[in-house]
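Chains as they are written, first to last, in this note's numbering: chain X, 50 to 179; chain R, 50 to 179; chain C, 731 to 941; chain Y, 731 to 941.
Calculated from the structure, these hints are not laboratory results.
Every residue, glycine too, gets a C-beta built ideally from N, C-alpha and C.
A hint or two may mislead.
[Stated by the list, open to error] Derived Cβ-Cβ restraints for the label pairs, each shown as a range:
(1) C:Thr901 - Y:Ala782: 57 to 63 Å
(2) R:Arg179 - Y:Ala782: 48 to 54 Å
(3) C:Ile899 - X:Gly108: 27 to 33 Å
(4) X:Ala87 - R:Ala87: 28 to 34 Å
(5) C:Ile899 - Y:Glu750: 57 to 63 Å
(6) Y:Val819 - R:Ile159: 40 to 46 Å
(7) C:Gly852 - X:Asp88: 50 to 56 Å
[Stated by the list, open to error] So the derived list for chain X, only partly shown, Cβ under 8 Å to chain Y, looks like this:
(8) Gly89
(9) Ala90
(10) Ala95
(11) Ser123
(12) Val135
(13) Gln138
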Amino acid sequence: MVGIVVVSHSAKVAEGICELAGQMASAGQKLIPAGGMADGAIGTDAYRILAAIEEANTGDGVLVMVDLGSAVLSAELALDLLDETVKNQAAIADAPILEGTVAAAVAASIGQPLVSVVQTAEGARELRKR
Amino acid sequence: MVGIVVVSHSAKVAEGICELAGQMASAGQKLIPAGGMADGAIGTDAYRILAAIEEANTGDGVLVMVDLGSAVLSAELALDLLDETVKNQAAIADAPILEGTVAAAVAASIGQPLVSVVQTAEGARELRKR
Amino acid sequence: MANVIAAIEALADVIIAKKEFLTELDAAIGDADHGINMARGFEAVRAKLAAANPEDIGGVLKLVGMTLISTVGGASGPLYGTAFMRAAVVTQGKAILDAATIAQMLSAAIGGIKDRGKAVRGEKTMLDALEPAYEAFIQAMDKGESLSKSLQAATKAAADGVEYTKTIIATKGRASYLGERSIGHQDAGATSTYLMLSALTAFAQEQSQAV
Amino acid sequence: MANVIAAIEALADVIIAKKEFLTELDAAIGDADHGINMARGFEAVRAKLAAANPEDIGGVLKLVGMTLISTVGGASGPLYGTAFMRAAVVTQGKAILDAATIAQMLSAAIGGIKDRGKAVRGEKTMLDALEPAYEAFIQAMDKGESLSKSLQAATKAAADGVEYTKTIIATKGRASYLGERSIGHQDAGATSTYLMLSALTAFAQEQSQAV
Ligand SMILES: Nc1ncnc2c1ncn2[C@@H]1O[C@H](COP(=O)(O)OP(=O)(O)O)[C@@H](O)[C@H]1O
Ligand SMILES: Nc1ncnc2c1ncn2[C@@H]1O[C@H](COP(=O)(O)OP(=O)(O)O)[C@@H](O)[C@H]1O
Ligand SMILES: [Mg+2]
Ligand SMILES: [Mg+2]
Ligand SMILES: [Mg+2]
Ligand SMILES: [Mg+2]
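With the hints as extra help, turn the sequences into a complete structure.
What follows is the structure, given as structure tokens:
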């Protein structure tokens with residue numbers, strides 16, 4: 050199963066999104082929050098993201114979901130800091146973080162490969178709310 | 050200033066998003082989380098949303114941001130339960146909850162009217178992350 | 731009034747008894763909370779009914795609706811909540827639950843669910859149990875069947891509706907995330923609708939035998 | 731090595747001293763944390779440098795870069811972090827900070843920031859201070875100016891770059907949310923770049939006078 054890392058500037062947001070997506074996911078689904086700084090401040094930390102990606106990877110790759118611009122910078126830096134092998138198995142989605150994570154968790158849980166899980170996350174942009 | 054209510058199934062998510070958006074907002078900006086159930090469970094509660102809308106409204110209207118499908122149902126029900134006058138001043142955005150709230154908070158903070166704030170929130174769907 | 735409250739208690743009993751079953755159904759194609767949600771809602775309903783003293787059927791149903799809205803948490807909260815609130819409107823000032831009133835209630839409830847959820851039959855929701863149940867109820871009544879028999883027909887139609895949900899794709903609610911993979915599973919909300927109808931039917935039967 | 735560490739400490743001093751100023755700049759068109767972020771980062775850098783014993787300039791800069799990455803938190807974290815990491819690469823094995831090395835460092839830093847942030851000059855970012863500073867530095871060096879004078883020229887160009895950021899629209903980073911309304915405000919990141927360059931310049935001047 051593709052693992053999922055949720056990168057937010059807010060630890061609460063990352064944890065909450067993982068909880069919500071976890072409701073829709075199968076038991077073994079990795080959903081790892083990487084929110085906020087080590088000291089609890091608001092922000093993103095590439096090393097925490099890196100550790101989360103390693104934790105989320107069970108061999109089928111990792112989808113990285115990000116909230117705001119600077120989270121993308123930290124996530125991309127985290128990928129650059131990773132082993133080439135893991136790096137090639139990780140993808141940052143250009144998708145709304147909450148909506149994309151929930152949709153991706155369903156796709157990952159049913160065993161979809163990374164490309165499809167990324168597509169599902171990015172397709173969440175088109176989900177209509179009303 | 051247009052007030053903003055953030056409706057999520059997760060209290061953590063709603064609070065965290067309000068914190069993130071608050072960083073970008075002016076001091077007087079109302080950002081009211083309406084997350085989870087009264088007992089802390091995951092879910093949405095139309096009466097909590099209703100109370101949050103009333104709290105967020107300073108006369109310039111309220112933007113309601115929602116996470117997943119059933120939050121929309123609860124938010125729409127909350128609008129139906131509101132006074133006609135307040136109801137006509139509230140709008141549910143068809144927008145990604147985190148990205149839309151942050152963008153909308155900026156727009157609301159600079160005094161944009163409700164229609165523009167809704168547009169800004171919904172335009173957040175087009176923001177590219179990479 | 732007492733028998734309406736007793737009827738609601740019968741609904742609460744079955745929902746609470748089937749909490750795990752409903753949650754399992756929701757786990758397969760949703761977020762594994764429908765039984766938890768509904769049981770939380772009906773526990774609260776029980777407590778509210780014990781404390782309140784509604785004046786008419788409308789008062790009872792409004793209390794049920796409001797309580798479900800604020801305690802269920804899932805999509806079923808605003809949906810069943812709206813259904814009961816709408817049923818409350820058509821039973822304002824009424825004290826006796828006769829067949830015509832039940833028909834009006836079911837019709838109002840369906841209207842509420844449709845307005846709220848914007849679903850139609852065939853989208854794998856509670857409507858796939860409730861709408862055929864309503865139609866079967868009306869048909870049986872028109873044929874001159876007793877209230878009890880008509881409710882039996884409604885419950886049978888709801889059961890068939892639940893079966894039917896196994897064959898279709900969910901296009902509303904969380905199960906729609908699964909698309910075609912939702913086929914083969916019965917809808918949790920249709921099932922809770924069926925369970926409530928069957929509890930109401932059993933309750934009506936007891937009542938009619940007691941009379 | 732000691733003077734490189736001392737130079738970094740000079741950067742830390744100015745950033746920490748200007749924490750509130752930088753935060754205010756960011757409050758106007760961003761999220762009011764640039765000073766907080768940078769000061770947290772450089773407090774951590776100070777602590778790390780006190781505990782570590784880097785072997786060369788590259789080792790110092792790598793430590794600075796890694797520490798900023800894990801402690802700054804904002805966009806400036808990965809950006810300055812990458813800048814220092816790239817500068818570390820070109821100073822591996824080096825112990826003396828001469829003009830040619832500084833030129834290489836600045837160039838590597840700019841490359842790092844551009845790769846990471848995908849911005850170009852004119853987008854109201856730190857690049858609007860750093861790139862002109864680099865160019866002025868090179869130009870002064872080419873004219874045969876001293877290191878100290880060349881750094882002065884670089885700092886002057888960075889200051890002009892900060893002024894320039896007041897006249898343009900932000901198209902990268904959080905200030906881009908404001909669009910045209912970002913005009914009239916100076917960029918916080920360009921300002922912290924300027925401050926660090928000016929601290930480095932002052933430090934180099936003291937060093938040259940001491941020699
Ligand atoms: N738009 C809708 N219209 C009608 N019924 C719906 C709709 N969305 C969901 N449902 C019903 O609600 C049930 C799910 O309820 P529940 O699990 O309590 O809520 P949630 O899906 O929010 O977790 C579904 O099984 C379905 O019958
Ligand atoms: N893509 C980018 N490229 C270059 N510099 C950027 C970019 N995005 C932001 N910056 C710089 O970062 C500064 C903001 O840093 P900071 O406030 O610490 O981060 P954040 O914006 O995430 O809160 C901006 O003033 C700008 O100079
Ligand atoms: Mg559910
Ligand atoms: Mg739910
Ligand atoms: Mg900032
Ligand atoms: Mg920030």
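So which of the earlier hints does this model not fit?
-> 2, 8, 12 and 13
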